[in-house]
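Based on these hints, arrange chain B on the given structure of chain A.
Next come the chains, spelled out residue by residue.
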Amino acid sequence: MDSIDKKLLNLIQNEIPIDKRPFKILGQKLFLTENEVIKRIKKLRNEGIIRRIGGIFNSREIGYTSTLCATKVPENKIEEVASYINGYEEVTHNYIREDEYNMWFTVITNSEENLNNIIQEIKNQTNLDEIISLPSIKLFKVKMVLTF
Amino acid sequence: MIENLDKEIIRKLQEDISITATLYKEIAKDLNMSEDELLHKVKYYNECGILKRIGAILYHRNVGFKANAMVVWKIDNQDLDKIGTYITSISEVSHCYERKPCSSWDYNLYTMVHEKDRVSCNKIIEKIANTIGCANYKILYSTRELKKTSMRYFK
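Chains as they are written, first to last, in my numbering: chain A, 1 to 148; chain B, 1 to 155.
Treat the hints with care, as some may be off.
[Said to hold, decoys possible] Short, incomplete list of chain B residues facing chain A, as computed with Cβ under 10 Å:
| # | residue |
| --- | --- |
| 1 | L5 |
| 2 | D16 |
| 3 | A21 |
| 4 | Y24 |
| 5 | K52 |
| 6 | D81 |
| 7 | E92 |
| 8 | R99 |
| 9 | I132 |
| 10 | A135 |
| 11 | R152 |
| 12 | F154 |
[Claimed, not checked] DSS-like mimics (lysine-lysine), calculated; alpha carbons at most 25 Å apart, straight line:
| # | chain 1 | residue 1 | chain 2 | residue 2 |
| --- | --- | --- | --- | --- |
| 13 | B | K123 | A | K29 |
| 14 | A | K143 | B | K43 |
| 15 | B | K147 | A | K143 |
| 16 | A | K20 | B | K12 |
| 17 | A | K39 | B | K123 |
| 18 | B | K29 | A | K143 |
| 19 | B | K123 | A | K141 |
| 20 | A | K24 | A | K39 |
| 21 | B | K148 | A | K77 |
| 22 | B | K25 | A | K141 |
| 23 | B | K52 | A | K42 |
| 24 | B | K52 | A | K24 |
| 25 | B | K25 | A | K24 |
| 26 | A | K123 | B | K147 |
Honestly, the hints are just simulated from the structure, not real lab data. In this text the structure is predicted, and so the values were computed from the model without any measurement. Note that beta-carbon positions come from the ideal geometry of N, C-alpha and C, so glycine has one too.
Isolated chain A (complex conformation) (with noise of 0.2 Å):
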């Protein structure tokens, strides 16, 4: 990654212009032809440094709802549980963090029904003693950019 892709990466990560030619604009910004930019986002993709190229939607506008969920797993359980649990294409993220509640993971889906459905599924079938919910209240920031 040189100085360039590294700037080519801060602005693409907060928005590829919804435009004919997105890369050509992009380009101009960067002193770069078209062809320049496509090859590099193209490089930086088969690298493995960027991982997806698409929309990012708002998921409460778009009708859904979700929550993050913590529970308390015994080290030698983490496997199985997780693979039950990310067998859900519900389930978006989940994490191992450094805490009493170790396991962390969120559900997104289009109803509170479901939400509380596959909640109480999860702790039927892992049989876990307790999982929290906390739904968000309100949105103050989500914007994953990382500034090279």
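Below, chain B alone, put in the same frame as chain A:
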């Protein structure tokens, strides 16, 4: 109101889009619509807030952001807006939410901090704690990523 055509467009845009000089034209072709019509729709989604942006998402661990901390704070209700707004201005904070606490976990403000390593991460967290005058917080570093996917709507 999200119509069937909107759902079809959203389904396309949430995939990993292949990069060509005229990428919207290719998508429009797949959807049997004109490029102008598609661009008009996508701009509208963006303006009304359904679409935050068309952009790139990185593998942050592969670009040197190895430390990922969720910091949970216990904040007085009347200070939440002021503090939430301040935290928003910090570029290393990617997410900031007020969440409904529960009896066994009574933190109400949640922030995600991304940095190169824990030392730099801790510095940022300390700076935030000092600025907002909050001592009642906990740092939960992630030690393993078990799943990370992009949400796919209308599947």
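Against the structure, the hints:
Given the 10 Å rule on beta carbons, the hint for B/L5 is violated: about 15 Å separates it from the nearest Cβ of chain A. A distance limit of 10 Å between C-beta atoms decides the matter here; for B/D16 the minimum to chain A is near 5 Å, and the interface restraint holds. Given the 10 Å rule on beta carbons, the hint for B/A21 holds: about 6 Å separates it from the nearest Cβ of chain A. Restraint check, B/Y24 versus chain A: the minimum CB separation of about 7 Å is within 10 Å; hint holds.
Of the supplied interface hints, the one on B/K52 holds, with its beta-carbon coming within about 5 Å of a beta-carbon of chain A, less than 10 Å. The closest approach between the C-beta of B/D81 and any C-beta of chain A is roughly 8 Å, which is under the 10 Å cut-off, so the hint is satisfied. Among the interface hints, the one on B/E92 holds; its C-beta lies about 9 Å from the nearest C-beta in chain A, closer than the 10 Å criterion. Hint status for B/R99: holds, given a least beta-carbon distance of 4 Å to chain A, under 10 Å.
About 13 Å separates the beta-carbon of B/I132 from the nearest beta-carbon of chain A, more than 10 Å, and the hint is not met. About 18 Å separates the beta-carbon of B/A135 from the nearest beta-carbon of chain A, more than 10 Å, and the hint is not met. For B/R152, the interface hint holds, since its Cβ comes within 10 Å of a Cβ in chain A; the closest pair sits about 7 Å apart. Interface restraint check: B/F154 against chain A, minimum CB-CB distance 8 Å, threshold 10 Å, status holds.
Of the pairs offered as hints, the one joining B/K123 and A/K29 is violated, with about 33 Å between alpha carbons and a cut-off of 25 Å exceeded. Using a Cα cut-off of 25 Å, the hinted pair A/K143 and B/K43 holds, with the two alpha carbons roughly 19 Å apart. At most 25 Å may separate the alpha-carbon atoms for a hinted pair to count; B/K147 and A/K143 meet this at roughly 19 Å. Distance restraint check for A/K20 and B/K12: the Cα-Cα separation of roughly 17 Å lies within the 25 Å cut-off, and the hinted pair is therefore satisfied.
For the hint linking A/K39 to B/K123, the alpha-carbon distance of about 37 Å lies beyond 25 Å, and the restraint is violated. About 31 Å separates the Cα atoms of B/K29 and A/K143, which puts this hinted pair outside 25 Å; it is violated. In summary, the hint linking B/K123 to A/K141 is supported, as the alpha carbons are separated by about 20 Å, within the 25 Å threshold. A hinted pair counts as satisfied when its Cα atoms are at most 25 Å apart, and A/K24 with A/K39 qualifies at roughly 12 Å.
Straight-line distance between C-alpha atoms of B/K148 and A/K77 comes to about 20 Å, which keeps the hinted pair within the 25 Å bound. For the proposed pair B/K25 and A/K141, the alpha carbon gap of about 32 Å is over 25 Å, so the pair is violated. Using a Cα cut-off of 25 Å, the hinted pair B/K52 and A/K42 holds, with the two alpha carbons roughly 23 Å apart. Restraint check for B/K52 and A/K24: the C-alpha separation of about 22 Å stays at or below 25 Å, so the hint holds.
A hinted pair counts as satisfied when its Cα atoms are at most 25 Å apart, and B/K25 with A/K24 qualifies at roughly 15 Å. Simply put, A/K123 and B/K147 have alpha-carbon atoms about 18 Å apart, close enough for the 25 Å limit, and the pair holds.
When held up to the earlier numbered hints, the structure conflicts with 1, 9, 10, 13, 17, 18 and 22 and fits the remainder.
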